[in-house]
Amino acid sequence: MSAVAPSTLGALVAGIAAGSVRVVDLTHTLTPEFPTIVMPPEIGQSAPFRMEEISRYDAKGPSWYWNNISFGEHTGTHFDAPIHWQSGRDLPNNALDTLPAGDLVAPAVVVDCAEACARDPDFLLTRDHLLRWEEQHGPVPARSWVLMRSDWYRRSGAAFANLDNEGPHTPGPDAELIRWLVTERDILGFGTETIGTDAGQAAHFSPPFPAHFHLHGAGRYGLQCLARLDELPPTGAVLLTAPLKIRNGSGSPLRVIALVEDTATRNPTDERHGDA
Amino acid sequence: MMTPLPPPPKANPLARRKVPTLPPRARSRAAHGLTAGAAVGRFVLQRCAGCGRYLYPAREICPHCLSPSLEFRDAPGGGVCLAESRIAVSSEPYFRERAPWRSGLVQMDCGVQLVAHLPAQGIEAGARVEVRLVLDRAGQAVFFAAPAGAAGPDDLADDPAWREMSADPRHRRVLVSDVRNPVGLAMVHAFRQAGARHVFAGCRETWKPAPELDALRGAEGIEIVPLDLADERSVDDLARQIGARTDILVNTADHVRTGGVFDPLSLGRARETLEVTVLGLMRLARAFGPVMAARGADGTHGAAAWVNVLPAAALANEPGLSFHSAAHAAVLSLSHALRAELATGGVRLLNAFVGPVDAEWYQGAPPPRVAPAALAAQVVDALRRGLEEIHVGAVAQELRDRLAANPKAVERERWQ
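These protein sequence lines are chains A and B, in that order.
The opening residue of the first sequence carries number 1 in the numbering used here; numbering runs sequentially from there.
The opening residue of the second sequence carries number 1001 in the numbering used here; numbering runs sequentially from there.
Because the hints were derived from the structure by calculation, they are not lab data.
Don't take each hint at face value.
What the simulated footprint calls covered on chain A by chain B, stretch by stretch (three residues with Cβ under 8 Å from a Cβ of chain B suffice, anywhere in the stretch; the number is not a length) [claimed, not checked]:
| # | stretch |
| --- | --- |
| 1 | 23-35 |
| 2 | 49-59 |
Here are some chain B residues the structure puts well away from chain A; computed CB gaps all over 10 Å [as the list claims (entries may be wrong)]:
| # | residue |
| --- | --- |
| 3 | Pro1008 |
| 4 | Leu1066 |
| 5 | Gly1122 |
| 6 | Gln1140 |
| 7 | Gly1299 |
Being a predicted model, the structure only gives us computed values, none of them experimental.
Beta carbons are placed, not taken as given, at the ideal position from N, Cα and C, and that holds for glycine.
Chain A extracted, bound-state conformation:
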């Protein structure tokens, strides 16, 4: 049957098998050392990733290896649901277990800010940047992810968190950009390579943490601690972003997979590779 009229999915898996559709893993490995969001210590804290061995083919369990793990919902490469922010608390289907599954497969556009972020860790992406980007690549499609490429994923440890006495210094969107993307471009969500969808200094913006405020207030999603956005084209990639189905969950670590239809000029890269 498929030989006569290949189905869409059949063509997709054939493309993956043939290598014309690349599968890119945009996920950091979950480790206890991976920096987490820093909160003032007197308020509630998000637990970092922890792993303790149950057994490893030993007296604790002779033929099997497994671990107990624990972590805060917002640990490692993770997904933010609308219920995460007070602005989205009254929306329907705003939690991990109720959000529409159809939202978990969606196109993505990538805005390359790597050079600007290398120059200025507090770099803010603005509406003007996006308008210039659109001149080149066309309008941001509705219901798509907008991913901010900063190459931040190449950093680790202290350089990744980039903390000083004023808090974290990491790039992100400014308030107006996010409001505009949500209201004028109807995006599905915003993704970054840094610890939050908001810039490190966003506590001082108006409103505070505007990406969280505007995205979640409109029922949109966030992705953070993404890796390897430099392997995605500006347009055309499709993201698979299924978080854990936690009852009333506000977010969860997840494996973010991008499907990229390769052009002839692109170097086929190793699809199996692990972390940065």
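Position chain B relative to chain A; hints supplied.
Here is chain B on its own, set in the frame of chain A:
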């Protein structure tokens, strides 16, 4: 007079490491009155309430007046060495390995005669001595006669016999489990000052800035190592690297958070605190304990001691620090099991109880607070004296005394 102890040579990798042996451990229940004194550095003897005489060895009934009212009281430690003896061959493996061993018969000024260990050199028959009640490698109370006028344990620091009774940091390698609090940082400096040959400074969350540690970076004999007590792998990884080189382990890890049981944040904070304190101690003990116990007789500088720094609230819950107190009460309980396991290798465990220290999380605690450097100095001193328990500062000492007098009063006065 005393030959300075040279720094230890590098271990010969072809030589078998000695399995720790221990001096005889059996004691009567009555004799543990002496253990209680030795554990805290007090020279005590049994004294008859009937006739007022001091007694030794410990008895159930006074041999002079037959009174059963015997109690352990502080006693004067001065005496005269009547005879000394140099034991070349002993039937006890522990003393055989350390022969020749000197001991002496001492006539105490308070009336009793007793047999005391002597330093390797120095005290002859007729000499005035100051007898100390100390814990030997088996953790049992023994007498050790020091030359009269000795100012303190430092005078004997290099004596091989005294070194068996102490856990002197000199020439030893020390791990401080958390230097991201002022107590840990003070410990690093105090141990280096006390002659520790190397101090490993455990640092959690190395991705967070720590300008206070800048002074440690590049300092001779100090090495910052990543260590997160809440992370099993982090603890295991460090033990794989330095477990067999850790002679003294000082656990300074803490997570001070205020709050009563009803506090909205109390459950989450209690969990964080338990992870760092109780489970943290277990992770450290499981990773470092076995190899330390195995190295208890590793030359003159083998593994010697484990130190826990505990808030005095471990002894009696402070309602404003409810789960913090409870966590450390659990640490205290666990430390007794750890002491038993370390004791198989002759490694001591010291619990240092301290009231509020001069640190950020005790901002609300009224003075007097303990300066971290003062706490560290007392820990070093306690190791030099081989103690098991110290109470540092007025708050901890007062709490100890009030608990001994009336624990119910302590409980009530904390909130009424």
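Non-interface label on leucine 1066 of chain B, tested against every C-beta of chain A at 10 Å: holds (57 Å)
Non-interface claim for glycine 1122 of chain B versus chain A (Cβ beyond 10 Å): Glycine 1122 of chain B is indeed farther than 10 Å from all Cβ atoms of chain A, at 52 Å.
Reported absence of glycine 1299 of chain B from the contact zone with chain A (all CB gaps over 10 Å): Consistent with the label, glycine 1299 of chain B stays out of reach of chain A, its closest Cβ about 33 Å off (over 10 Å).
Claimed coverage, the stretch 49-59 of chain A by chain B - three or more beta carbons nearer than 8 Å: holds (count 4)
Assertion that proline 1008 of chain B lies farther than 10 Å from chain A (Cβ): holds (34 Å)
Claimed coverage, the stretch 23-35 of chain A by chain B - three or more beta carbons nearer than 8 Å: With 3 residues closer than 8 Å to chain B, the stretch 23-35 of chain A meets the three-residue bar; holds.
Glutamine 1140 of chain B non-interfacial with respect to chain A [C-beta, more than 10 Å]: holds (34 Å)
Every hint from the earlier list agrees with this structure, and none is contradicted.
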